[in-house]
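Q: Modelling step: build the complete structure from the supplied sequences, incorporating the hints.
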Amino acid sequence: MRLLVFLSIALWAFSTSALLTKRVCKKLLEHAILDQPNARSMHTAPVPRGGGLAVIAVLGLGLIFLLPFSFLPALYLFLATGILSLVGWYDDKKGASISLRLSAHLLAATLGCFALEPHAVFFEDLLPFWLDRGLIILGWVWFMNLYNFMDGIDGITSIQSICCALGIALILLISIETAFLPFALAALTIGSCGGFLLFNWHPAKVFLGDVGSVPLGFIVGFLLLTIGIQGYPWAALILPLYYLADSGITLTKRLLRREKIWKPHRQHFYQLAAASIGNHHRVVLWILLTNIALIALSLFSLFSSLWAFFISLIVVALLLKKMHKSAKKVESS
Numbered sequence: 001m002r003l004l005v006f007l008s009i010a011l012w013a014f015s016t017s018a019l020l021t022k023r024v025c026k027k028l029l030e031h032a033i034l035d036q037p038n039a040r041s042m043h044t045a046p047v048p049r050g051g052g053l054a055v056i057a058v059l060g061l062g063l064i065f066l067l068p069f070s071f072l073p074a075l076y077l078f079l080a081t082g083i084l085s086l087v088g089w090y091d092d093k094k095g096a097s098i099s100l101r102l103s104a105h106l107l108a109a110t111l112g113c114f115a116l117e118p119h120a121v122f123f124e125d126l127l128p129f130w131l132d133r134g135l136i137i138l139g140w141v142w143f144m145n146l147y148n149f150m151d152g153i154d155g156i157t158s159i160q161s162i163c164c165a166l167g168i169a170l171i172l173l174i175s176i177e178t179a180f181l182p183f184a185l186a187a188l189t190i191g192s193c194g195g196f197l198l199f200n201w202h203p204a205k206v207f208l209g210d211v212g213s214v215p216l217g218f219i220v221g222f223l224l225l226t227i228g229i230q231g232y233p234w235a236a237l238i239l240p241l242y243y244l245a246d247s248g249i250t251l252t253k254r255l256l257r258r259e260k261i262w263k264p265h266r267q268h269f270y271q272l273a274a275a276s277i278g279n280h281h282r283v284v285l286w287i288l289l290t291n292i293a294l295i296a297l298s299l300f301s302l303f304s305s306l307w308a309f310f311i312s313l314i315v316v317a318l319l320l321k322k323m324h325k326s327a328k329k330v331e332s333s
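When you line the sequence shown up against the numbering used here, it's residues 1 to 333, in that order.
Bear in mind the hints are in silico, worked out from the structure with no lab data behind them. For each residue, glycine too, the CB sits at the ideal point set by N, CA and C. It is possible that part of the hints are untrue.
Stated by the list, open to error - Computed list of lysine-lysine pairs in DSS-like fashion (alpha-carbon distance at most 25 Å, straight line):
id, residue 1, residue 2
1, Lys-26, Lys-94
2, Lys-22, Lys-94
3, Lys-205, Lys-253
4, Lys-205, Lys-26
5, Lys-263, Lys-253
6, Lys-253, Lys-321
7, Lys-205, Lys-22
8, Lys-93, Lys-22
9, Lys-27, Lys-93
10, Lys-93, Lys-205
11, Lys-93, Lys-263
12, Lys-205, Lys-260
13, Lys-26, Lys-93
14, Lys-94, Lys-205
15, Lys-260, Lys-93
16, Lys-94, Lys-260
What the hints assert, rightly or not - Okay, the calculated beta carbon distance ranges per label pair:
id, residue 1, residue 2, range
17, Leu-72, Arg-266, 41 to 47 Å
18, Gly-231, Leu-34, 44 to 50 Å
19, Lys-260, Lys-94, 37 to 43 Å
20, Leu-19, Phe-69, 22 to 28 Å
21, Leu-7, Leu-67, 32 to 38 Å
22, Ala-32, Phe-71, 36 to 42 Å
23, Leu-289, Ile-249, 16 to 22 Å
24, Lys-263, Leu-306, 34 to 40 Å
A: Next comes the structure, spelled out in structure tokens:
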């Protein structure tokens, strides 16, 4: 029964997102809201930016439908997603200051904490409750920004969100005491990103924009925290491990070079590989295959957490090595 409900929600989200994305794309073109090619971008022609409006609209509608089942958590998530979408939309159109973006992210993460189980903690009994929640907020803000920075080639964020949500959904299906809200939200994420992916696959007809990537990072972060505080922290770490590794290593390199880390760049592993081989979808397929392995390993972590995490590190390291090698091979040829 739960599987049938899940599939029904995902199918509704998919079809609605596809229809809305087509409509939004047309409006973005009419109003000339375009992402112009620049030194950082991975495209050579103007592309409509802000298609994430369709994805967030579906997620927002879904949260409204979920209010009768879990009123306060759904309301907090709806408000947080709305705040992030408004600031993201403003940033896509006119450019928002760092202080405005950071304030919105902190507010959203704080609201999101009220949507989590009231007394549950992520770090078990290692930290006081207030410190546990404080670290969750900071980590959540970092994850939202990570999600935004990693959205640099066609289809990457949609694929990442679908894979994370699918892995989370499988874990929630196994869990006996699963609340309906995160379960339904995982289905909404898979469906809405799937519908958007029809238009975002290379060559993309539309980009997510900050209006889509940041709220998606918030929603996926909530789902990961949900399984983390339910007793599956290793699974919550394994599922987004590629994103964590690519962004973390790249950030460390830029810090060591004393670069302004908040400035746009093209130094992520996936960007270097895609730029070198001139093929977005091949790189995204590598990421998809890696994420499928990570989904399997996240399920394995329910039985052997350390071994699952160790193997996950190897899997992600192999992907990063392949990306690095591909970039170097093209450069030397």
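Q: All the hints need checking, so say for each whether the structure fits it.
A: To see whether the hints hold, each was checked on the structure:
1. Lys-26 - Lys-94: holds (20 Å)
2. Lys-22 - Lys-94: holds (23 Å)
3. Lys-205 - Lys-253: Violated - the C-alpha atoms of Lys-253 and Lys-205 are around 32 Å apart, more than 25 Å.
4. Lys-205 - Lys-26: Holds - the C-alpha atoms of Lys-26 and Lys-205 are around 10 Å apart, at most 25 Å.
5. Lys-263 - Lys-253: holds (14 Å)
6. Lys-253 - Lys-321: holds (16 Å)
7. Lys-205 - Lys-22: holds (9 Å)
8. Lys-93 - Lys-22: The hint holds at about 19 Å.
9. Lys-27 - Lys-93: holds (13 Å)
10. Lys-93 - Lys-205: holds (18 Å)
11. Lys-93 - Lys-263: Measuring from Cα to Cα gives roughly 18 Å; hence the hint holds.
12. Lys-205 - Lys-260: violated (31 Å)
13. Lys-26 - Lys-93: holds (16 Å)
14. Lys-94 - Lys-205: Status holds; Cα separation ~21 Å.
15. Lys-260 - Lys-93: holds (23 Å)
16. Lys-94 - Lys-260: holds (21 Å)
17. Leu-72 - Arg-266: 41 to 47 Å: Because 42 Å falls inside the window, the suggested range holds.
18. Gly-231 - Leu-34: 44 to 50 Å: Holds, since Gly-231 and Leu-34 (Cβ atoms, about 46 Å apart) stay within the stated range.
19. Lys-260 - Lys-94: 37 to 43 Å: Check failed, 21 Å falls outside 37 to 43 Å.
20. Leu-19 - Phe-69: 22 to 28 Å: The hint (22 to 28 Å, Cβ to Cβ) holds, given that Leu-19 and Phe-69 are roughly 25 Å apart.
21. Leu-7 - Leu-67: 32 to 38 Å: violated (22 Å)
22. Ala-32 - Phe-71: 36 to 42 Å: Holds: the Cβ-Cβ distance is about 41 Å, inside 36 to 42 Å.
23. Leu-289 - Ile-249: 16 to 22 Å: holds (20 Å)
24. Lys-263 - Leu-306: 34 to 40 Å: holds (38 Å)
Against the hints set out earlier in the document, violations occur for numbers 3, 12, 19, 21.
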